[in-house]
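Protein sequence lines correspond, in order, to chains U and A. Plus 2 on top of the position in the first sequence (first one is 1) and you've got this note's numbering. Plus 713 on top of the position in the second sequence (first one is 1) and you've got this note's numbering.
Among the clues, some could well be false.
Claimed, not checked - Okay, derived cross-link-like pairs now, DSS-like style, lysine-lysine, Cα gap no bigger than 30 Å in a straight line:
1) A:Lys-765 <-> A:Lys-810
2) A:Lys-716 <-> A:Lys-782
3) A:Lys-782 <-> A:Lys-765
4) U:Lys-73 <-> U:Lys-59
5) U:Lys-59 <-> A:Lys-782
6) A:Lys-716 <-> A:Lys-810
7) U:Lys-59 <-> A:Lys-765
8) A:Lys-767 <-> U:Lys-73
9) U:Lys-16 <-> A:Lys-765
10) A:Lys-767 <-> U:Lys-13
11) A:Lys-716 <-> A:Lys-765
12) A:Lys-810 <-> A:Lys-767
13) U:Lys-16 <-> A:Lys-767
14) A:Lys-767 <-> A:Lys-716
Simulated from the structure, these hints should not be mistaken for laboratory data.
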Amino acid sequence: DTGVSQNPRHKITKRGQNVTFRCDPISEHNRLYWYRQTLGQGPEFLTYFQNEAQLEKSRLLSDRFSAERPKGSFSTLEIQRTEQGDSAMYLCASSPREFGEQFFGPGTRLTVL
Amino acid sequence: LAKTTQPISMDSYEGQEVNITCSHNNIATNDYITWYQQFPSQGPRFIIQGYKTKVTNEVASLFIPADRKSSTLSLPRVSLSDTAVYYCLVGDDDTDKLIFGTGTRLQVFP
Numbered sequence: 003d004t005g006v007s008q009n010p011r012h013k014i015t016k017r018g019q020n021v022t023f024r025c026d027p028i029s030e031h032n033r034l035y036w037y038r039q040t041l042g043q044g045p046e047f048l049t050y051f052q053n054e055a056q057l058e059k060s061r062l063l064s065d066r067f068s069a070e071r072p073k074g075s076f077s078t079l080e081i082q083r084t085e086q087g088d089s090a091m092y093l094c095a096s097s098p099r100e101f102g103e104q105f106f107g108p109g110t111r112l113t114v115l
Numbered sequence: 714l715a716k717t718t719q720p721i722s723m724d725s726y727e728g729q730e731v732n733i734t735c736s737h738n739n740i741a742t743n744d745y746i747t748w749y750q751q752f753p754s755q756g757p758r759f760i761i762q763g764y765k766t767k768v769t770n771e772v773a774s775l776f777i778p779a780d781r782k783s784s785t786l787s788l789p790r791v792s793l794s795d796t797a798v799y800y801c802l803v804g805d806d807d808t809d810k811l812i813f814g815t816g817t818r819l820q821v822f823p
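Next comes chain U alone, as it looks inside the complex (with noise of 0.2 Å):
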């Protein structure tokens, strides 16, 4: 399969501790994204890298989150003392070119207990 991976599919966890989340893009792909989906509403953006650049953040991206995509490969989504509204589903998504079509991943379903 050479589509977006996503890992760990799910993961729970308790409030305060850290989480990271891992997204392999499709191979050829230098755009990748960011986006948070909670249960019945639409993706929210959180960030973009192009390449291992990270272009753009969203205010909803808090100082307790950080991504990174070294070597403009595989990106990580890491989340620091996690709180209860930090659950929700994390898509990552990749696309070839600017404006283009995003192919994203299975996401990430992350519950804080």
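Could you slot chain A onto chain U? The hints should help.
Showing chain A alone in chain U's frame:
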């Protein structure tokens, strides 16, 4: 932050044409309009993309008026498997951020 709005839900029967409209009155000048389909517990899946006028592919058509403040996704002859949530995605002119629409839940009945 401008809102990108869609009808909450629509019902249809198999074989009918379905038109879903998205209002995006603050779309960025140079951005495309993209529509996605999402099934429960899955990531969104690309349907169609356009900049202006009309675009057609093997699964849908996209109609965009000259002012680009709205767009209409047209699904010809829907089937039960088209039951899903449909989202438009545009760039916001003020923030230059990507914004998904509020989503339209389409239910297709036999």
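| task | Compare the distance between the alpha carbons of Lys-716 of chain A and Lys-765 of chain A with 30 Å, and conclude whether the hinted pair is satisfied. | result | 20 Å, holds
| For the pair supplied as a hint, Lys-716 of chain A and Lys-782 of chain A, is the alpha-carbon distance within the 30 Å limit? | 12 Å, holds
| said: Lys-59 of chain U and Lys-782 of chain A were given as a pair; does the straight-line alpha-carbon distance stay at or below 30 Å? | reply: Answer holds: Lys-59 of chain U to Lys-782 of chain A is near 25 Å, not above 30 Å.
| said: With the threshold set at 30 Å, check whether the alpha-carbon distance from Lys-59 of chain U to Lys-765 of chain A stays at or below it. | reply: 28 Å, holds
| message | For a C-alpha distance cap of 30 Å, please report whether Lys-16 of chain U and Lys-765 of chain A respect it. | response | Status violated; Cα separation ~48 Å.
| Within 30 Å, alpha carbon to alpha carbon, are Lys-716 of chain A and Lys-810 of chain A? | 12 Å, holds
| query | Given the hinted pair Lys-767 of chain A and Lys-73 of chain U, is their alpha-carbon gap at most 30 Å? | reply | Roughly 39 Å separates the two Cα atoms, so the pair is violated.
| task | Would you mind confirming whether the straight-line C-alpha gap from Lys-767 of chain A to Lys-13 of chain U stays at or under 30 Å? | result | 42 Å, violated
| query | Do the alpha carbons of Lys-782 of chain A and Lys-765 of chain A lie within 30 Å of each other, as the hint requires? | reply | 10 Å, holds
| request: With a cut-off of 30 Å on the C-alpha distance, tell me whether Lys-73 of chain U and Lys-59 of chain U pass. | output: At roughly 19 Å apart (the allowed maximum being 30 Å), Lys-59 of chain U and Lys-73 of chain U satisfy the hint.
| message | Can you confirm whether the C-alpha distance between Lys-16 of chain U and Lys-767 of chain A stays at or below 30 Å? | response | 49 Å, violated
| message | Checking one constraint from the list: CA of Lys-765 of chain A to CA of Lys-810 of chain A, max 30 Å. Satisfied? | response | 20 Å, holds
Comparing the model with each earlier hint shows violations of hints 8, 9, 10, 13; every other hint is respected.
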